[in-house]
Each structure stands twice: as structure tokens, then as C-alpha cells.
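*Asks:* Residues per chain, in single letters:
2 protein chains.
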Amino acid sequence: MTKNDEAVSPLAPLRFPRMPAIAGVRFSALAAGLKYKGRKDLLLAELAPGTQVAGVFTTSKTASAPVLWNRDILKGGKGRALVVNAGNANAFTGAAGFETVDITVAATAKAVGCQKSQVFVASTGVIGETFDGQLIAKLVEKMAKGLKSSNWKAASEAIRTTDTFSKAATATAMIGGKKITIGGIAKGSGMIAPDMATMLSFVFTDAKIPAVVLQKLLTASNKKSFNSITVDSDTSTSDTCLLFATGEAKNGKITSAADPALKEFKAALDQVMQSLAHQIVRDGEGATKFVTINVTGAQNNKAAQKIALSIANSPLVKTAIAGEDANWGRVVMAVGKAGEAADRDKISISYGDHVIANEGGAVPDYDETPVAQYMKGDEISISTYVGVGRGKATVWTCDLTHGYITINADYRS
Amino acid sequence: MTKNDEAVSPLAPLRFPRMPAIAGVRFSALAAGLKYKGRKDLLLAELAPGTQVAGVFTTSKTASAPVLWNRDILKGGKGRALVVNAGNANAFTGAAGFETVDITVAATAKAVGCQKSQVFVASTGVIGETFDGQLIAKLVEKMAKGLKSSNWKAASEAIRTTDTFSKAATATAMIGGKKITIGGIAKGSGMIAPDMATMLSFVFTDAKIPAVVLQKLLTASNKKSFNSITVDSDTSTSDTCLLFATGEAKNGKITSAADPALKEFKAALDQVMQSLAHQIVRDGEGATKFVTINVTGAQNNKAAQKIALSIANSPLVKTAIAGEDANWGRVVMAVGKAGEAADRDKISISYGDHVIANEGGAVPDYDETPVAQYMKGDEISISTYVGVGRGKATVWTCDLTHGYITINADYRS
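If you read the protein sequences in the order shown, they are chains A and B.
Taking this note's numbering, I'd label the letters of the first sequence as residues 1 to 413.
Taking this note's numbering, I'd label the letters of the second sequence as residues 1 to 413.
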């Protein structure tokens, strides 16, 4: 059983967004049958000559073969093609895994007409099972003939595993008088935790930005988006986020990430990345609540993020939210276990606008009735002030439910 | 609903052990009705004059009032009484929490006839709710009149919260020709993770060992027992383990933890502490499998423990075990996310005696049939060699099931 047999997450956006064509970007997707039957599981994206690339990857010490390949070719800063398969992660597959990547890359380079070092690869799915690169290689030539700039929906479908809905986001910005478009897709719903969140995301823009600058922009934006979400504290072997800039918008020359001309672009990129990150949380396995954790008053921002993640990853906090129980004692526990400085007698905790605890204890005459009502909603915000400094952080997560157990106790079989 | 309404854990020992009287130790327990109705929730233990004490406590930054009190008086090294209540943790209760401790301690010191600085206190249960120390104070005098050395069962019952069975263990040893007896009780089943595991444990012996030596013995034994278990990675505000030595066995003088005369005693202490720690895991909320995680080949023992805990705490590993699925890909993932050195191409993984992966990939002709059979058992062992050094560690955990969600989505209400 996979989660795709099941209902769409109750937290899913109402509809797939209207996605614009991005000059220099074309997609093709089909059902290769690597694992799933009767649905798209293979994506080919073709990028215009000259496309610049940036990337961030999992920090896992057991990173997959495609991650290692991408990290290596990223040094060149150029990308002409991207191949993504769903159903098999090609991770912990030893020499066979590298061979699979090599066969895939060679066939794609031929089909698209580029160098092998310009072909990025991503695989997601089961870990530890090898698969034959020929299964992909024999299809890419056909796929290259069906490339379309409008194929966003098919592209986002083809990279899904246990996702219950397709994820995409778009935004526009001006760079020096030229209109820039950004569009991205993502997948992920389990094995989600920072550095990187367990996910794949591919973002495309027609902006003309050199790879070295693009990398700085992506790293900064990633920190505030994918690296600030968690579903289950597990980090995958395959996490990959790539940002491709085709340059077709022909904006003026950019040589520094600090260039004021990038101001709107940065905001638009953050918007797309954050939207995709939130969509991943909204598709958290078994999720019924979208949860925002704010921490303020920490020693510094890093400490604040550690405390926020401690709260967001606590099974006891997450199950209490699932039970619509404002069990703030568990939040205190999670602050305590984070290992970062906190002044127990200054801690305050709010659920939404409801202040529950202040200066180290429950507020006088605390009335649980409105809070109980608040907990019935599907968007919950928990804010904690820890009383030692000015550090702050926001992370996003979901609740922990029977659905998570059902999905994960039986995923592989 | 509390877990006590439910069936006893399927992993519980067949029976409560036969516990011996320990010279100088007497118990009294009753139902104070602090939270639970109709069952024992208050324990008084009286220790003979001259009893030496050692303790280890939670590392939480939001430790409870009783933990702070115990840490403080532990410097004196002497204990004459122990009061434990279940149902309210007296944590995050500000000044009121300290007042509750003060009232409890004063009444107990009077009832037992000792100094306040010789009265240890532990509270376990809901966080963030105050309770009146008078509720306990008014009962201790009566309890002091009912003290018995045989009251082990009642003592272990009185400290339970969501535990489904009472936990006790005993062992004997010789110190310089004198027979020494050790006996201990423990509680805990959720909010369990090292430093300390979320739990209370009280161990008693008639050995004559000075507090300074006793502390070293307890710290060492704790490392291999309570600090090597995890149920859900959450660390409580109240974790406490106290070791009382009455000295009534009148063994020869001990002045150093390195004294060879302590060899048998150390082994017996380890046996009691490990038995209690395993019983806590066996009562892990919703647990259906007792899981042993062995890691070898790490850079050092500390790195090995970090990797072992990463595996033991991974929701994806734990749900796979619940689903009786030998999903070793998730073990690879958990090794990777631990952040400690591992040689991906040398990793080997075994479930029980079944070698599944070797030198970085599945073994040739891997036959899943016997492994699938092994996964149906209720004791699962997963061993991972990570190929970079000689560090090793063992931790114990349980699976993550629907039962955990049911218990914790609805605990407080």
C-alpha cells in the first residue's frame, strides 16, 4: 500500500496553482513502471543552453549515488537537463548505483544534446534496492521529443512517492526593469527533517544570474524554507533542491548576491521556496494539522531554531496536537530537552493568541475553553518565549497521528 | 483515559519478582488521590540512620522543583526518607512548586525524625499544574506508622503513571565475605530518552559504601542502563534515579570505587539497573516489540551511541518494526542522519542472525523469507557495522505503534 491509494491530505491547497511557462524550461513525464503501476514516475526537464545551476543537498553520511553525482557536477555551474525518477532512491546501492546514474546520464546527454556533466539526476523512493539504468535510458529519447513548457502538472506528478497531492508554486519579480518568472515543484511527505528536509525540489527561473551568485541566493532561501520544516525528524539519503536559471529574461548583468537589483527576486524566491516547503508539511504523512512553532528570547537564532525543532519533533507534543489537547507541559518539556539556555521562570507559552503560561507558570485563572476551541482548527501556532536573549526562529511541522503509523508500518510491502 | 485502563504490555515480565527485605529500608504506600482515583499514588520510604545516597537527574533545562531540591541536598550525601507522588510532576510550577516541596519535606522530616536535608522528593505526572503540599503533609505521619520492609509491591505500584505493570528487580553480591542485597523499583513508559530516560528509579542496598564512592558506581551503572534506553526521544523534567545504601550489611570499609572488593557489587548493581531499564522499555507506550540496537565499527563509543540512538529514535525505523518489516533502508537512513562518520561502502546490517546487507549493499541472493519470520517475534535485534573504527554501543528501544498515538493524543483529558 502506498499513501497514493488514500485520500488527499486534509491540509492540501484547494487547487494546483496556475503555473506559467518559463522561457528556456521544458518538461516531459511518463510512466516508466520502476515501482508504481499506471502513473507517471519519470521526469525529464530540458534547460536552454547557458542555464546556470545552484544546489543544496542532504547532509546524510549515506547520501545516494545521484546526490554524489550532482554535488560533483555542480562545480561546473551549468545544467542542460534534469532526470528524476520516483519509486527507487538508488541509495545504498554501491557500485551498481553509480552505474545506474552513469547509464541514465549518458542516454540523457545524447537525447538532449549536451555534455554528461550538464545532466542532473534525482531518485526518490525505496532505499537499498538496485535498478537498471537502461529502464530509464531507453525512454529518454522518446521523452525528449515530447518536451513542453506547459507540462508543469505532469512534471510535479512524476516525482511523487507517498505524496497525496502535487506541489508547485510560482512568483514573479523585476530585475532592473525586466520581468522575471520563478516556478518550482517539490515532493516529500515522510522522512522530513532539516539539512535537508527529505524531499526533492526543482525551481526554475528565466533570470540571468551566474551560478556563483545563484548558489548564495539558494542557500539563504533554503535556510528559511526547506531547512525550517520537519515532519518526523528523519533525514533522507536523497534530499536535493536545485535552482536552474536559464537567463532567457535577459536582465542586466548580476555579479553579486548583494546587488540591490535582486531585492524583489530574493523575496519572490523565498515565496516560492516557502510555499513548496509548507506544501510538504501539509502533506506530512498522516497530518491533520499544520503547525507553526515560533521561538523568541533565545540566546541566538541558532539556539532558537534548536529549541523550535525540539518542540516540533517531540512525539509527545505532536500527538497532543493530534488529540486537540493544548498540553503546554509537553512544550515546557521540549524546551528543556533542547539543551539550549532557557530561563524556566521567564518562559511564556501561547497557543494562537491565547497566552497560557507566563513567567514560568500557568496564567492566573487560565480558561481552557477558548483554547480547546482553537485546537479544533487545522492551523495551530505555538509561540514560546524562553527569556534569555533575542534569538528567534520559526519552524513548521504537522501533528503525529494514527495515519503516520498506518502509512509507515506498511510502506514497503 | 490513562494507560492503566488498558491491558498490560505484551512485553511485560510474567510476574513481579520475589523481592527480599533490605536491612534498613521500609516502605509505606497509599492512595492520596492527587490525580488518580482508587489506586496507590504516594510512597514513603524510610532509611536507617547513616544511609548514604547517590543520585543522577534529568539534564533538562526546565527541571522540576523536586529535582532541584534533590540535587541540592545530595551534596550532604545522607538520606533518611524518600517521598514520591504520582499524577503531578510539580514541574514548571514556579514558586508554588518550591513551596509544595518545602511543605512535603518538613512534614516528612517530622514524621521520620530527621533533618529536612535528608528527605528526598520525587514527583511524576502532569507538568504545569500546581498542587498543595498539605495533601501529602497530612498523610506522611500516618504512613510512617505503616512502614514495612516487605512492602515492595505497594511501593512499586504507588509510583506508576501510565505504566501498565509494576517494575522491580533484585540481585545479591558479596563484599569482602559479607552478603549484600540490592533491590530497586522504577516507573516510566513515555517521555523516555537518555539523560536521563524519563523515569524515576529508586535502588536500595544494605551495603556500607560512602556517598562519594556510591555516586561513582551509580553514574557508571546508569550509563549502561537508563541512559541507554529510549522510547520516544523525549526527555522529562523529572527524571531521577537515587541509590540508597543503608550500611546495615556491615561490610568492610570501602574508600574507592576502584576497590576490587566491589567487583561483584558492581555486576549486581548493573544487573538491577539494566533489568529496571529494560522493564521500562518493555512498558514503552504502545510497545509490541522489545528492540536491541547494536552499533559497532564507529569512530569511538560515543559516536556509536549517537548512531545507535539515531536508529532507535527514528520514527520510520520504529514504525517499520511495528509493521514487522525488515526495512533496512531506513536503518541506512538513520545511520546517515546521525552525523557521525560511517563508511557507506563498508556498512553491514543484520536483523537477529540474518545478515541483510554487507559492504554497502544487500547481500547477493538475499532471501527475505526467514527474516520476515524473525520480524514476527517480540524481541528484535538490529546490528550495524559502520566501518570506520572500534567504537561500539548498545541501546534498547521499542516499536512505534497505534497504541502510542492513542495513549498520547488523549493522555491529559
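No lab work stands behind these hints: they were computed from the structure.
A couple of the hints might just be wrong.
Pairs count within a copy or across copies, as identical chains cannot be separated in the list.
Pairs of lysine-lysine, BS3-like flavour, derived with a Cα cap of 30 Å [what the hints assert, rightly or not]: (1) LYS138 / LYS216; (2) LYS392 / LYS306; (3) LYS110 / LYS224; (4) LYS306 / LYS148; (5) LYS250 / LYS224; (6) LYS208 / LYS376; (7) LYS302 / LYS208; (8) LYS153 / LYS266; (9) LYS250 / LYS392; (10) LYS75 / LYS216; (11) LYS178 / LYS110; (12) LYS148 / LYS116; (13) LYS392 / LYS78; (14) LYS142 / LYS178; (15) LYS142 / LYS392; (16) LYS376 / LYS224; (17) LYS306 / LYS223; (18) LYS178 / LYS224; (19) LYS302 / LYS138; (20) LYS78 / LYS37; (21) LYS306 / LYS224.
*Asks:* Are the hints correct? Go through all of them and say.
*Replies:* Hints and how they fare:
In the homo-oligomer, the alpha carbons of LYS138 and LYS216 never lie at most 30 Å apart, since the shortest distance is 36 Å inside one protomer and 66 Å across protomers. Taking CA atoms no more than 30 Å apart as the test, LYS392 paired with LYS306 passes in both settings, with 10 Å inside one copy and 27 Å between copies. Neither within a single protomer nor between protomers do LYS110 and LYS224 lie at most 30 Å apart by alpha-carbon distance, with minima of 37 Å and 58 Å respectively. In this assembly of identical chains, LYS306 and LYS148 lie within 30 Å of each other by CA distance neither inside one copy nor across copies; the values are 43 Å within and 48 Å between.
Proximity of LYS250 to LYS224 under the C-alpha cut-off of 30 Å is restricted to the intra-copy arrangement: shortest distance 28 Å within a copy versus 64 Å between copies. For the identical chains of this complex, LYS208 and LYS376 are neighbours neither inside a copy (46 Å) nor across copies (57 Å), given an alpha-carbon limit of 30 Å. For the homomeric pair LYS302 and LYS208, neither the shortest alpha-carbon distance inside one copy (33 Å) nor that between copies (48 Å) is at most 30 Å. Taking the closest pair of Cα atoms, LYS153 and LYS266 come within 30 Å of each other only inside a single copy of the chain (25 Å); across copies the shortest separation is 65 Å, beyond that limit.
When the C-alpha separation of LYS250 and LYS392 is checked against a cutoff of 30 Å, the pair qualifies neither within a copy, at 38 Å, nor between copies, at 57 Å. In this assembly of identical chains, the alpha carbons of LYS75 and LYS216 lie at most 30 Å apart only when taken from the same copy (14 Å versus 53 Å across copies). Within a single copy, LYS178 and LYS110 get their C-alpha atoms no closer than 34 Å, and across copies no closer than 83 Å, so neither meets the 30 Å cut-off. In this assembly of identical chains, the alpha carbons of LYS148 and LYS116 lie at most 30 Å apart only when taken from the same copy (22 Å versus 80 Å across copies).
Proximity of LYS392 and LYS78 under a CA criterion of 30 Å is satisfied in neither setting, with 36 Å inside one chain copy and 43 Å between copies. Taking the shortest alpha-carbon separations for LYS142 and LYS178, neither the intra-copy value of 35 Å nor the inter-copy value of 85 Å comes in at or below 30 Å. Taking the shortest Cα distances, LYS142 and LYS392 never come within 30 Å of each other, neither inside one copy (50 Å) nor across copies (51 Å). For the identical chains of this complex, LYS376 and LYS224 are intra-copy neighbours only, at 28 Å inside a copy versus 43 Å across copies, given an alpha-carbon limit of 30 Å.
Taking the shortest alpha-carbon separations for LYS306 and LYS223, both the intra-copy value of 13 Å and the inter-copy value of 25 Å come in at or below 30 Å. For the homomeric pair LYS178 and LYS224, the shortest alpha-carbon distance inside one copy (26 Å) is at most 30 Å, but the shortest distance between copies (64 Å) is not. Taking the closest pair of Cα atoms, LYS302 and LYS138 never come within 30 Å of each other, the shortest separation being 47 Å inside a single copy and 48 Å across copies. In this assembly of identical chains, the alpha carbons of LYS78 and LYS37 never lie at most 30 Å apart, being 34 Å within a copy and 69 Å across copies at closest.
Taking identical chains as interchangeable, the C-alpha atoms of LYS306 and LYS224 lie at most 30 Å apart whether they share a chain (14 Å) or sit on different chains (27 Å).
Hint violations for this structure: numbers 1, 3, 4, 6, 7, 9, 11, 13, 14, 15, 19, 20, all remaining hints satisfied.
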